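Both chains come to you apart, so use the hints to assemble them.
Residue numbers (the working numbering), protein chains in the order written: chain P, 31 to 145; chain G, 138 to 250.
Don't take every hint at face value.
[Stated by the list, open to error] In silico SDA-like links for lysine to any residue, alpha-carbon gap of 20 Å or less:
hint: 1; chain 1: G; residue 1: K195; chain 2: P; residue 2: T135
hint: 2; chain 1: G; residue 1: K242; chain 2: P; residue 2: R141
hint: 3; chain 1: G; residue 1: K186; chain 2: P; residue 2: S127
FYI, nobody ran anything at the bench for these hints, they're computed from the structure. Model, not experiment: these values are computed from the prediction.
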Amino acid sequence: DTGVSQDPRHKITKRGQNVTFRCDPISEHNRLYWYRQTLGQGPEFLTYFQNEAQLEKSRLLSDRFSAERPKGSFSTLEIQRTEQGDSAMYLCASSPSGTVNYGYTFGSGTRLTVV
Amino acid sequence: AQSVTQLGSHVSVSEGALVLLRCNYSSSVPPYLFWYVQYPNQGLQLLLKYTSAATLVKGINGFEAEFKKSETSFHLTKPSAHMRDAAEYFCAVSQNSGYALNFGKGTSLLVTP
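Just chain G, same shape as in the assembly (with noise of 0.2 Å):
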């Protein structure tokens, strides 16, 4: 079964600082990824997804993540904060397409002015 772990439940940072968000995967084959975001009482927006292409996955709104095989993560960053990224984001790991997504429990990004 595949799985993901979010390493801190709630980050803070300053606006115009580096945003990096930690996401661990298990998976026993090749993984499907994904970062979402939610805003208060919406659903969630995709941000950025791996599918086995580019290592190096930029998405929306200047997020990017990384999969690193060998140390099994994901890790979500921005280079710099605005007070609008101020959201909940999920990691989602799936095995396969049609696959259901299995989320992560979420961390809470607050951005101080």
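So here's chain P without its partners, still in its complex pose (with noise of 0.2 Å):
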């Protein structure tokens, strides 16, 4: 298993399209987390899945956010009728399940420009 695998790398995209982004887990994580990070700051915690279970979703930042992890293993995140503020980068990372926290595996991330 090579890590935590996002995609695509870069998107350019009009404002008012929509996007989606993938990402695959590690395979044996159950466990999948999709962050934000814009310029100059730490990243910024969106949602999370157990297995196919969005367990929180609250901290999506708008109704224009969704994601889904339709069989518990890879997961999409869609942006519709992006906004120029939607510019940043978007990883996601996964972790196994268990009482202690080890700490996340992420990919590379997803960057996302809207012009």
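As structure tokens, then:
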């Protein structure tokens, strides 16, 4: 397993268009997280899944943002009607379940530019 | 809620000098604490983690951090900086396993020859 994979690496879109990003976690990890990172800031938590269940989504930035993990493996993050303020790096991370938090493994991210 | 504050958005050291990056946390429960490094246009790589075992934690690339409950600190150190250490460093805190990591704003480390 080569780690957490994100696709695409870069996405340029026009304002108002919809975009979808994909994340493939480490295969034995059943927890998956989405973060957003804007320039000069630390990553900001958006949502997370345990298997196919989305356990936390209250911190998604608006109702234009949605995420799915239909079969408990890969996940997608969709942004509808993109705005220039959505330009950021979108990071995916995964971790195994368990009672001790050993940290998360991050992917390389998808950089979104809205023009 | 848990949060971290990283003191100093930019730190510059000479090659071979001590690296000290500061992180203070706020948590109402025993925290899990992490340091991550980010190189340009890449994701985050875990340097080290505190999970309530030893208070002095050793990580990769010669970095270590000490958990000091009395000071609510988790500062990152390295005895001798290398040019390859130049990167963005993030401190993060989590309440428990499976919870979100709350990151600081990051400290950019510059290493000069």
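Against the structure, the hints come out as follows:
1. A C-alpha spacing of about 18 Å is found between K195 (chain G) and T135 (chain P), which places the hinted pair at or below 20 Å, so the restraint holds.
2. With a C-alpha separation of about 18 Å, the suggested pair K242 (chain G) and R141 (chain P) falls inside the 20 Å cut-off, and the hint holds.
3. Of the supplied pair hints, the one linking K186 (chain G) and S127 (chain P) holds, its CA atoms being roughly 17 Å apart against a limit of 20 Å.
Going through the hint list in order, the structure satisfies each hint without exception.
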